[in-house]
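Student: Chains as they are written, first to last, in our numbering: chain A, 1 to 140; chain B, 1001 to 1322.
Calculated from the structure, these hints are not laboratory results.
All the pointers check out, no bait thrown in.
If you only want the chain A side, here are some residues facing chain B, beta carbon under 8 Å, derived:
| id | residue |
| --- | --- |
| 1 | 14 |
| 2 | 15 |
| 3 | 17 |
| 4 | 20 |
| 5 | 86 |
| 6 | 89 |
| 7 | 90 |
| 8 | 107 |
| 9 | 120 |
| 10 | 121 |
| 11 | 124 |
| 12 | 128 |
| 13 | 131 |
| 14 | 132 |
| 15 | 135 |
A virtual CB, placed ideally from N, CA and C, is assigned to each residue, including glycine.
Okay, here's what each chain looks like letter by letter:
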Amino acid sequence: MTKRRSSSNVLPNTLGELELGVMEALWDAPHLDAKAICDVMPQFRKPNLSTMQSTLERLYRKGMVDREKRGHAYHYFACVSRANLLARMMGEVIHLLHDGRLETILSSFVNVAADIDQASLAELEALIAMKKQELEGRDD
Amino acid sequence: MINTLGSFSAIVIVLWLLLSVLFAILYPLIKGFLFALHPRFGSALLLAYWMGPFILSVLSTSFLFVPELERVLVDAHCHEACANHVPLIDSVGLASFGLAVGGLVLLFLAVRCVQTLLQSRQLKTQFRAFARHCGAYHLLAAPTPLVFTLGWWRPKIYLSEGLSAACSDEDLSIILLHEQAHQERRDNLRLLLARLSSAILSNSLAKHIMSDLQLLTEQACDFRAAERFGHVAVAQTLLKVKRLMSLPSATSVEVCTAFAERDVEMRIKALLKAQCRVALRPWQVAALASAMLMSLTLLISPLHHGSEWVITLLSSDNVHIH
Chain A
1 MTKRRSSSNV LPNTLGELEL GVMEALWDAP HLDAKAICDV MPQFRKPNLS TMQSTLERLY
61 RKGMVDREKR GHAYHYFACV SRANLLARMM GEVIHLLHDG RLETILSSFV NVAADIDQAS
121 LAELEALIAM KKQELEGRDD
Chain B
1001 MINTLGSFSA IVIVLWLLLS VLFAILYPLI KGFLFALHPR FGSALLLAYW MGPFILSVLS
1061 TSFLFVPELE RVLVDAHCHE ACANHVPLID SVGLASFGLA VGGLVLLFLA VRCVQTLLQS
1121 RQLKTQFRAF ARHCGAYHLL AAPTPLVFTL GWWRPKIYLS EGLSAACSDE DLSIILLHEQ
1181 AHQERRDNLR LLLARLSSAI LSNSLAKHIM SDLQLLTEQA CDFRAAERFG HVAVAQTLLK
1241 VKRLMSLPSA TSVEVCTAFA ERDVEMRIKA LLKAQCRVAL RPWQVAALAS AMLMSLTLLI
1301 SPLHHGSEWV ITLLSSDNVH IH
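With the hints as extra help, turn the sequences into a complete structure.
Tutor: Printed below as a string of C-alpha cells:
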C-alpha cells in the first residue's frame, strides 16, 4: 500500500535535508554503500548507520536512487540527475503557482501560469511603443 | 470563567464572520478608490481593510469585556441592578459551545499557519541545496525562466539561469529591484496575514479581494523598480519576461485559458498611466486612522446591546449582570 504523502509536503518530489545530503554524496561519487555514504557526509549532519539505511530505502522507494547487491551490502547510485531534479522542482513550483497554493509562500515576478494570448501581448507592445514615442516627443 | 471565555469567544467569532461578509460586500464601493491610489498606499490600505474584520472583532470584544469602559462607551441602561456590566452567557452549555467553536477556529488557524510554515521551510531547504549564492540573489542552474522571492521574515530571491541568460543587464536589474521590493515589504508575510484574516470566509467570497491584493502588491513593486528605471522600461521588461514564460517550451505547463488572468496586462497599463495614481498625504492617513478609531469606539455600544439581545434570545433570562 502506498503511504499517503504528508499534507505539509508541498512538492511531490520533496526531499528532506538528510535525503538531499545523500543525493549530493551520490552525485559526487556513485555506487556507494550505506556505510561509505555515512563516511562522506559532513560531520554536522552525519547520521548513524540505521538512519542512513532507512533514508536510502526511502530514496529508493521514491525512485531517486537505484541499487545493486554486491556481496552482503547494497550499493546505491542516483537515478535522477541534479539538473533533472531541479527541473522537476521548478515545474512543480509553476504548477503550484497555477493552483494558487503558493500565494502566501512565494512571489513570482510575473504570474507564470496566467495565460495571455499573443494578440494581447502585441497590443501591450503597441501601447508601450506609443508611450515611449509620447515621452520622446515631450523631451524634444 | 467558562462563561466569560465562552461569551468572549462566541462574540468574536460571530462578529468576525458578520464583519467579514459586510466588508466583502462593501468592497466594490472602495475598489475604485484603492486602484486610484499609488499602489504602495493602495496595497497597504487594502491589507488593512481586509484584516479589519478580524482586528475590529478582537479589539471591540476585548473593550466590551472591560466593565469600566461601559460607562464611557455604552449608552446608560440598567437590567436588574444599575451597575457596570458585561454581556455574559449564564448557561454553561451555551458558553461551552461558544468556547468550543472559538477553540476550533483557533486550532484551524494554527494548523494552517504551521502547515504553511513547514511548506515554506521545505521549499527553502530544497532550493538552498541547488542554488548558488550570487550577491543579492541565489542562482538556480535550470533552463526554465523563473524568478521568485521565497520566505516570510527573511525572504530570499531565486533566479534561474534560463531567465538570467535571456535578459539584458537592465532587465535583470529591474527584475531584481522588483524582487528586492518584495523582500523589503515582506509581501509573502502580508499575503499570509490577509489569507489568515479571511479564513472564516468561503474562498469564493475572499478570492476577488485576495487577487486584487496580489495585483496591488505586484504593482507596488513595479512602481518601486520604476523609480530608478522609469515606468516604460519596467513595462517593457514585464512584457519581455511574460513572452519568455509564455513559450510552450519554457514552463512545460499546460495553461488552461479558463484560468486566464489579466494581471500582466493590468500591471503594464498601470505603469503606462502611472501619473494618474495619487499618493496619500499624511493628513489623509491620519484622517483614515481617526475614522478607524472612531468606528471602533462607536461599535462598542451596539455590540454590547446586540450581544445581550442575542444571548437573551438564545437562552431566555440568562443574561448575567455583573
